[in-house]
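Participant: Protein chains in written order, with the working numbering: chain S, 2 to 113; chain D, 2 to 122.
Hints were generated in silico from the structure; no laboratory data involved. Keep in mind it's a predicted model, so treat the numbers as computed, not measured. Among these hints, one or two may not hold up.
What the hints assert, rightly or not - Straight-line Cα separation of at most 27 Å, DSS-like style, residue types lysine-lysine; simulated pairs:
id, chain 1, residue 1, chain 2, residue 2
1, S, Lys48, D, Lys44
2, S, Lys69, S, Lys48
3, S, Lys48, S, Lys109
4, S, Lys109, S, Lys69
5, D, Lys66, S, Lys69
6, S, Lys45, S, Lys109
7, D, Lys44, S, Lys45
8, D, Lys44, D, Lys66
9, D, Lys44, S, Lys109
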Amino acid sequence: QSALTQPASVSGSPGQSITISCTGTSRDVGGYNYVSWYQQHPGKAPKLLIYEVSNRPSGISHRFSGSKSGNTASLTISGLQAEDEADYYCNSYRSINGDTLVFGGGTKLTVL
Amino acid sequence: EVQLLESGGGSVQPGGSLRLSCAASGFTFTNYAINWVRQAPGKGLEWVSGINGGGGRTFYPDSAKGRFTISRDNSRNTVYLQVNSLRVEDTAVYFCAKEYSSSSRGSFDIWGQGTMVTVSS
Chain S
2 QSALTQPASV SGSPGQSITI SCTGTSRDVG GYNYVSWYQQ HPGKAPKLLI YEVSNRPSGI
62 SHRFSGSKSG NTASLTISGL QAEDEADYYC NSYRSINGDT LVFGGGTKLT VL
Chain D
2 EVQLLESGGG SVQPGGSLRL SCAASGFTFT NYAINWVRQA PGKGLEWVSG INGGGGRTFY
62 PDSAKGRFTI SRDNSRNTVY LQVNSLRVED TAVYFCAKEY SSSSRGSFDI WGQGTMVTVS
122 S
């Protein structure tokens, strides 16, 4: 079951904006609005940043935003801060052999 | 406080079995699906199973079918993951995670701290 495709790494300077892409197919990202994004710091559990493509849970900064175009979803982080340095993962509902979920391979964000 | 607490991890030889537990508190347990997600050392997240709030529907990726069994005891607010015929490549931290809402798919707002499973001879 192939993972969604994310860039292995991205970087940016404090105050800048970066975008992380998450590419799937019409059977997952492109076919449903069930894309989520997570932030994970080393040794910690993941934290939900975005659900259903573009919705932020309570308590998540407005600096984090999500969108989707075709088979590619994107996470944008504006006003980069040092504490944003972490791994970021997308996931999507996938309709293959019933209800399944698939994660992206993860993207390491470095704040320069 | 809403929380999930995993237990049951440990070291096991290839071919062995383990039952992981995920104890929930602080929310109406039967209203939410619970999933298991694992992370091998230095690797990414991998979804391995899910179960709906009532326990009547279970979900697995192809890679987990046949060896992984998810279940829940709503009287104990606990979800279980039985893993059989363990392989070296099953070595990972296993997290349980709660769905954000009854209609969400893959939106996990609450995670446990994880339990480590090491498969080695």
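Participant: If a hint holds in the structure, say so; if it doesn't, say that too.
Facilitator: Each hint, compared with the structure:
Distance restraint check for lysine 48 of chain S and lysine 44 of chain D: the Cα-Cα separation of roughly 17 Å lies within the 27 Å cut-off, and the hinted pair is therefore satisfied. With a C-alpha separation of about 20 Å, the suggested pairing of lysine 69 of chain S with lysine 48 of chain S holds against the 27 Å cut-off. Our distance criterion of 27 Å between C-alpha atoms is met by lysine 48 of chain S and lysine 109 of chain S, whose separation comes to about 15 Å. Taking the CA atoms of lysine 109 of chain S and lysine 69 of chain S, the gap is near 20 Å; set against the 27 Å cutoff, the hint holds.
Distance check on the hinted pair: lysine 66 of chain D and lysine 69 of chain S sit about 31 Å apart at the alpha-carbon level, beyond 27 Å; violated. Restraint check for lysine 45 of chain S and lysine 109 of chain S: the C-alpha separation of about 15 Å stays at or below 27 Å, so the hint holds. This hinted pair checks out: lysine 44 of chain D and lysine 45 of chain S have alpha carbons roughly 14 Å apart, not beyond 27 Å. Among the hinted pairs, lysine 44 of chain D with lysine 66 of chain D is consistent with the structure: their alpha-carbon atoms are about 21 Å apart, no more than 27 Å.
Between lysine 44 of chain D and lysine 109 of chain S the CA atoms are separated by roughly 12 Å; this keeps the pair inside 27 Å, and the hint holds.
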